[in-house]
Amino acid sequence: MPNNILIIDDEVELTQILGEYFRTKKRYNVFTASDGKVALNLIREQTLELVLLDMKLPSVNGLEILKILRKDYPNCRVIVMTAYDIDYKKEIDLVGYDALFIKPILFEELKDKVDALLTGRIPKQSEAKTSSQSISKETIALLKDRENFLPKARIVIIEIRGNIAMLLKECFERAVSDGYYNVAYFKSGSLFLSEITKFNPDIILYDIVEIGNFSDFAQRLMNLSNPPKEIILFGDPKFKWEEVDLLVRKGMSYIPTPLSSPDMQLSKYPEFELPAKETIERLSAVIKDVCFKHGLVTKKGEKGP
Amino acid sequence: MVTICELFHNLGNKHNIVTVGCGATKEMVEECLETEGLPEALKEKLNEIQKNLGEIIKSTKEADKIATEIHDRVYEVIDPDKGKPK
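Keeping their order, the protein sequence lines are chains A and B.
Each number in my numbering comes from the position in the first sequence (counting from 1) with 10 added on.
Each number in my numbering comes from the position in the second sequence (counting from 1) with 34 added on.
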């Protein structure tokens with residue numbers, strides 16, 4: 011049965027282009043609207059599987075429509091399409107969406123996301139929320155009593171040179187008082203996908219030097235039956251910033267780690283001098299927060315992974 | 035008269051129409067290329083169209099980046115809603 015899609019944008023040309031393309035695919039029934047009120051009527055009249063939603067609309071703005079969709083139509087997937095100079099990003103984040111695209115949008119990426127959302131390759135944001143909420147319930151007590159718990163996670167670091175990976179691995183495996191981490195390091199994500207899958211990581215740290223292969227790798231990870239809880243980009247912002255910026259704008263986590271000298275080793279930094287210390291501290295802090303967020307914790311004194 | 039804010043917004047929308055329009059057309063050309071038994075001369079032309087569409091997308095992205103930079107610089111000194119210096 012075809013999926014019902016609604017495309018909402020005040021630029022009629024855009025709704026026409028997208029509408030015509032998706033109509034050529036037999037698996038979609040396409041509706042379009044260039045006005046908030048018309049869009050709301052269609053939302054009420056039709057059973058929609060997906061809405062492509064622009065934020066700046068006449069009569070009823072996109073944020074209001076997003077709130078209605080999330081509240082009254084939780085099964086409907088929403089892709090937010092918005093401009094760079096958006097001044098209510100925080101509000102949109104709070105309401106929630108399944109994907110966000112900053113204009114100008116690359117059609118190929120948008121089409122892939124539509125396909126992935128409608129074929130169920132990406133879990134519904136509402137489902138993801140429920141799952142994290144149930145974890146949160148279990149971990150509320152832990153969070154209140156954070157000092158009595160330690161992070162516990164399986165981490166994969168993907169870094170072509172391996173300098174930060176080795177440093178982090180050594181640091182994590184030695185400094186067990188800060189958490190129980192099982193760390194594996196690979197020079198490439200795509201090339202070692204089967205090994206990474208076997209390791210079953212909770213968190214993946216991905217060096218931006220390898221950003222060219224990231225989309226393919228991330229897509230394949232998302233298709234796994236047990237994908238990692240979080241993928242975090244890291245690396246020197248001087249490298250490949252354009253591609254990284256594009257991902258960050260779409261909500262990817264990124265930790266800038268300014269220095270990554272090829273000969274950086276823990277033994278060379280016995281006192282954890284800057285910036286090695288800073289790099290490790292930044293990564294450790296984010297990993298710790300991610301662990302608590304996803305309930306990847308264990309009581310102090312209990313065995314780690 | 036439209037505000038500076040609206041001008042930038044409209045410009046961004048136009049860039050978006052170009053990237054989405056070219057992308058959708060490129061995708062359709064790709065599907066045409068998958069048709070069996072196409073004459074070689076036609077295949078060549080379609081490949082050329084695809085390449086040129088890719089170039090337009092790339093240039094539009096670049097143009098948008100420059101527009102974003104201009105936007106940021108203008109917003110530093112001009113109140114975008116009043117259209118006057120801050």
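Each hint should be verified, as a subset may be incorrect.
Stated by the list, open to error - The calculated PhoX-like cross-link candidates involving lysine-lysine, where the alpha carbons are at most 20 Å apart (straight line), are:
id, chain 1, residue 1, chain 2, residue 2
1, A, Lys303, A, Lys239
2, A, Lys162, A, Lys35
3, B, Lys77, B, Lys60
4, A, Lys35, B, Lys60
5, A, Lys66, A, Lys77
6, B, Lys85, A, Lys36
7, A, Lys121, B, Lys60
8, B, Lys48, A, Lys66
9, A, Lys77, A, Lys100
10, A, Lys121, B, Lys92
If you're looking for bench data, these hints aren't it; they were derived computationally from the structure.
Please read all numbers here as calculations on a predicted model, not as lab measurements.
The hints, checked one at a time:
Pair hint A/Lys303 plus A/Lys239 holds up; C-alpha atoms about 10 Å apart against a cutoff of 20 Å. For a cut-off of 20 Å, the pair hint linking A/Lys162 to A/Lys35 is broken: about 46 Å separates their Cα positions. Using a Cα cut-off of 20 Å, the hinted pair B/Lys77 and B/Lys60 holds, with the two alpha carbons roughly 14 Å apart. The suggested pairing of A/Lys35 with B/Lys60 holds, with an alpha-carbon distance near 15 Å, which does not exceed 20 Å.
For a cut-off of 20 Å, the pair hint linking A/Lys66 to A/Lys77 stands: about 14 Å separates their Cα positions. Proximity of B/Lys85 to A/Lys36 is assessed by CA-CA distance (about 27 Å); at most 20 Å being required, the pair is judged violated. At roughly 12 Å between alpha-carbon atoms, A/Lys121 and B/Lys60 fall within 20 Å of each other, so this suggested pair holds. Distance check on the hinted pair: B/Lys48 and A/Lys66 sit about 14 Å apart at the alpha-carbon level, within 20 Å; holds.
For a cut-off of 20 Å, the pair hint linking A/Lys77 to A/Lys100 stands: about 13 Å separates their Cα positions. Distance check on the hinted pair: A/Lys121 and B/Lys92 sit about 18 Å apart at the alpha-carbon level, within 20 Å; holds.
This entry does not satisfy hints 2, 6, going by the numbered hints stated previously.
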